[in-house]
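**Q** Listed here are the chains, written in short residue letters.
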Amino acid sequence: MKKRLLLLSFFAAAATFTASAQDAPKADPPLVIFGSVDTYYKNDFSGFKSAGGSSNIGTSFASDQNSISIGMIDLGLKKKVGKAAFVGEMSFGPRGQAQSIPNGASGDSYHIQNLYVSYDLSDKFTVTGGYMATFVGYEVISPVGNFNYSTSYLFTNGPFQNAGLKGTYTFSDKASLMAGVFNDSWNNYSSTKDVSTFGAQLFLSPAKGWTAYLNVVSGKTSGTEFDITTAYQITDAFKLGLNAADFNAPNSPGGFQGIALYPQIAASSSVSFGLRGEYFKVKDGGPSVKAFTLTSNIKAGPLTIIPELRLDKANDELFVDSKMLGTKSASQFVLAAVYSF
Amino acid sequence: MAYLYYMKKLVFSIACALLVQTAWAQKDVLQFDENNKYVCYQVIEKPGMSMDSLYTRGLQFAGYFAPKRTEKTKVPGSVTLKDNFVIYGSALLSKKEAGEVSYKLNIDTKDGKYRYNFGEFVFKPYKINRYGNMATQPGVEIPLEKMWSKYSVKDTDAYLDQIGAFCKTASAKLIQQMDRVQVLRKQEEAVKKVATDKW
Numbered sequence: 001m002k003k004r005l006l007l008l009s010f011f012a013a014a015a016t017f018t019a020s021a022q023d024a025p026k027a028d029p030p031l032v033i034f035g036s037v038d039t040y041y042k043n044d045f046s047g048f049k050s051a052g053g054s055s056n057i058g059t060s061f062a063s064d065q066n067s068i069s070i071g072m073i074d075l076g077l078k079k080k081v082g083k084a085a086f087v088g089e090m091s092f093g094p095r096g097q098a099q100s101i102p103n104g105a106s107g108d109s110y111h112i113q114n115l116y117v118s119y120d121l122s123d124k125f126t127v128t129g130g131y132m133a134t135f136v137g138y139e140v141i142s143p144v145g146n147f148n149y150s151t152s153y154l155f156t157n158g159p160f161q162n163a164g165l166k167g168t169y170t171f172s173d174k175a176s177l178m179a180g181v182f183n184d185s186w187n188n189y190s191s192t193k194d195v196s197t198f199g200a201q202l203f204l205s206p207a208k209g210w211t212a213y214l215n216v217v218s219g220k221t222s223g224t225e226f227d228i229t230t231a232y233q234i235t236d237a238f239k240l241g242l243n244a245a246d247f248n249a250p251n252s253p254g255g256f257q258g259i260a261l262y263p264q265i266a267a268s269s270s271v272s273f274g275l276r277g278e279y280f281k282v283k284d285g286g287p288s289v290k291a292f293t294l295t296s297n298i299k300a301g302p303l304t305i306i307p308e309l310r311l312d313k314a315n316d317e318l319f320v321d322s323k324m325l326g327t328k329s330a331s332q333f334v335l336a337a338v339y340s341f
Numbered sequence: 001m002a003y004l005y006y007m008k009k010l011v012f013s014i015a016c017a018l019l020v021q022t023a024w025a026q027k028d029v030l031q032f033d034e035n036n037k038y039v040c041y042q043v044i045e046k047p048g049m050s051m052d053s054l055y056t057r058g059l060q061f062a063g064y065f066a067p068k069r070t071e072k073t074k075v076p077g078s079v080t081l082k083d084n085f086v087i088y089g090s091a092l093l094s095k096k097e098a099g100e101v102s103y104k105l106n107i108d109t110k111d112g113k114y115r116y117n118f119g120e121f122v123f124k125p126y127k128i129n130r131y132g133n134m135a136t137q138p139g140v141e142i143p144l145e146k147m148w149s150k151y152s153v154k155d156t157d158a159y160l161d162q163i164g165a166f167c168k169t170a171s172a173k174l175i176q177q178m179d180r181v182q183v184l185r186k187q188e189e190a191v192k193k194v195a196t197d198k199w
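Chains as they are written, first to last, in this note's numbering: chain A, 1 to 341; chain B, 1 to 199.
Hints in this document: simulated from the structure, not taken from any laboratory.
The reader is advised that the hints may include incorrect statements.
What the hints assert, rightly or not - Some, not all, of what chain A presents toward chain B, calculated at C-beta under 7 Å: (1) K78; (2) N114; (3) A133; (4) V140; (5) V144; (6) T211; (7) D284.
Unchecked claim - Quick list of simulated restraints, FRET-style, between CB atoms: (8) B/A172 / A/F238: 40 to 46 Å; (9) A/A237 / B/E71: 27 to 33 Å; (10) B/D157 / A/A237: 21 to 27 Å; (11) B/V75 / A/P206: 53 to 59 Å; (12) B/E120 / A/F198: 57 to 63 Å; (13) A/L31 / B/V153: 41 to 47 Å.
Glycine included, every Cβ here is placed at the ideal spot set by N, Cα and C.
Next comes chain B alone, as it looks inside the complex (with noise of 0.2 Å):
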């Protein structure tokens, strides 16, 4: 009966490790679209509300997450940013970037539902430049779903990774910002007093 102990043990630990791992992979979070192309996206049902509610804080997130990114657009209720964010490669002792992302956020609302589409994944490389600092190499640029073609699987899941995440914050924020969650402050403390005079 021991032997059951420790057996359902390793494997309630190895679930548990399971999890961690999972929790880790935030390349996940993308998924590939009609046309095989990288996307995050989500179709959000807001029962009661407007369009006109749902693209004013589908416009106020995007002024808040992009500011001079975001692009008018001629689709009535659809918001549209182009931005790029920095990721980083695996180094000993510390993080170095290893290019940047740029991709295009498109929020399309309609009465009772809005969605979201990050996408247009593109990958520019850093190099180092004469001043010690990183800088894309113009002209190269490698589109989201050609990675593999260019770089080892390791290091192709660690970029994915990270441009998964980057996907789970932002879409995190953008859904808070729709439901227009109050966020509760947390009470400051107060700073302690004593009396110095009475000793």
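So that you can see chain A by itself, here it is in the shape it has in the complex (with noise of 0.2 Å):
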């Protein structure tokens, strides 16, 4: 009987050593399931809401007023073997669909946010091609990119996503250049006519903790935007973002310009603090709105709990108030929860 447990325990503690030899660093790494399921109430202080069930402040996503509402369910896989990877990545809810993605042709609506492959030509060439999240802006679809629950003028008139083949070169850690080719229309699976948008980013990182990004997305049907996306890490506890960005319409004089500021400080592990100052001008003589908003992160493993204040003022009276009267400002209050995996 002795001999028994003891050869038991000797194939136990020979099995947990071989499974740390399968850990070895420089193996493929494994198959990963990622994704977030996000959930929010607000409420505009006015009160309005629109026969859609939104209000006031035109935010991408956190429309609905007065209701707890959901974002949605994202789930993802990936894997690398050797040089070839993949990334499939799709979004169910109001959110990742009807909120941010291109309905098809009979009204149905697809949920991708990335579905790529790339190939690593060399240690520093890396060719790519799919529907990918656009490599314009600083804020993103998924919630767990973003500091702020609500999102930025500049994030809802930007792109949200290119198909399209693309090269990256990294000269080294603190350079890299991508260009490539992409449908001529944003934020579609299919091309509408050709793939005739040209898109560049040059990437930086002038000191430690500073990353900037200089983004260029040109085309004849989706027209032209210029990007400058940055941030900089100063301190443990401090960081400070930028995003600024000008964009032409396409055969005509309108487009938009803007700016947001981002700083942001961590008042211990668990909790930080985040405002978003933007300025946001719609151009051919279009409104221009000055929008600020106050985020806390509240972080408990992996769930985050977002409160967040905002303010929109605007020079014309773009929102209602309590009386369905025309006014310059409207302001509203979020509470999300993000849960990420």
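The task is to assemble the complex, starting from two chains supplied on their own in separate frames and drawing on the hints.
**A** The structure is reproduced here in structure tokens:
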């Protein structure tokens, strides 16, 4: 009996060591399942609720007035074997479908966030093809990637996703260049006519903790946007981000310009505060808005609770007050919960 | 007497379980140095071997283990490399990259002995980026000694275990290279031949 137990223990110990040996760092990474779930409550202080259920501030997500609503469940798979990798990420829910993704020809809503393959042609050069989150801008569709829960005007008016083929050359950990061709229209799984949009991104890291992305996306169908996105982790607790963009609409003098500043401070390992101050202007005599969003991220493991206050002030009466009269300002409160896995 | 027999069995089983548990706790490989920094350190006697021979073997190991990461030092007989490796967080269904750990390995040689020292461990946590990939957050770096202040005891233990396992594996490879133990290739099993025309 003792011998049997001894043998059993020996095999258990051997299995432990074998398991550790299989975890050698140079091995191909395993198949990874990742994603998030988000839900929120929003209240516009004017009490205004449109027929569609939204309210004053035209944020991309967190749109439902006086409602406990859902964002999306986001599910992704990824795997890399040798030099070849794929990412497939899809989402279900308003944030991932009707609010951000194009509908199909029959009105159905697909829900792909990322679907691409990539291959490392060398240690420094990677080619990627498929449907990808846009490289333009500071904010993203996934709530996990944003500090604020509501989104900026710059995000809402810029591209969300681009389908295309791109090559990225990494000069060093301080500089890289991406260039590629993309479908003629943004946020579509297929081209309207052709693959005629050019996109490029120059990445620079001038100092430790400081990253800067200079972006351009240009095409006859979708117009031209120049964008700079930068963030600097100045101390362990303080980070400053900036996003500025200029967009020229195709075949018209229209477009937009804007700048947003994102100071963020960590009060502890689980609580941080951030302000987003944005100025956004529609070209060709359009309105302009200044928006201030104060957000806190309270983390409990994979769960983040996000209370947020937002005040928007326009140069014109873009909003309505409690009496349904036109007004230049609007404010709202959002309480969101995001679980990342 | 039967009672004693079962007690003995129970105690023995617990001892075996503890043995397995000890084998699992790879973080024990890590020690604190005089500056209260985590290191994995050992001095190994190699009587009869010159510093030059040991240095050459150390250099060969570094070149094999982390090509392009070996640094030239001005200290005679010393080899230094700086590299990093990925550690994983616990997940219900699959492993997920938690971040990467950068480290520095020093191999110092003298006549008749050498020492190795894995140290300067810094954890760089990953965050998922817009393309669904895990990436470091620029400027966010946590020295291993401060992990406790940022992560739960359970997570910190899990990370330290993986770092310990890495050091254990890497140091075993280093010792093998320094010993120059000849690896006997396993005799490949010949493919069996069958005569399909005789049936």
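**Q** Does each hint hold? Answer for all of them.
**A** Okay, the hints, checked on the actual structure:
Annotation: A/K78 was flagged as interfacial toward chain B, and the flag holds, the nearest CB pair being 6 Å apart, inside 7 Å. With a cut of 7 Å, the hint placing A/N114 at the interface with chain B holds, because the nearest CB-to-CB distance is about 5 Å. Because the smallest distance between the Cβ of A/A133 and any Cβ of chain B comes to about 4 Å, under 7 Å, the interface hint for this residue holds. The beta carbon of A/V140 comes within 4 Å of a beta carbon in chain B, closer than 7 Å, and the hint placing it at the interface holds.
Annotation: interface hint on A/V144 holds; nearest CB of chain B at approximately 6 Å, less than 7 Å. Restraint check, A/T211 versus chain B: the minimum CB separation of about 5 Å is within 7 Å; hint holds. Hint status for A/D284 relative to chain B: violated, with the closest Cβ pair at about 30 Å, above 7 Å. Our hint of 40 to 46 Å for B/A172 and A/F238 holds, since their Cβ atoms are close to 43 Å apart.
Between A/A237 and B/E71, the C-beta spacing of about 32 Å keeps the proposed range 27 to 33 Å intact. Taking the beta carbon of each, B/D157 and A/A237 are about 26 Å apart, inside 21 to 27 Å as hinted. Take B/V75 and A/P206: their Cβ atoms lie about 32 Å apart, and the range 53 to 59 Å is violated. Judged by the Cβ atoms, the range 57 to 63 Å given for B/E120 and A/F198 is violated: they are separated by roughly 43 Å.
Taking 41 to 47 Å as the suggested C-beta distance range, the pair A/L31 and B/V153 does not conform, at roughly 29 Å.
Going through the hint list in order, the structure does not satisfy hints 7, 11, 12, 13.
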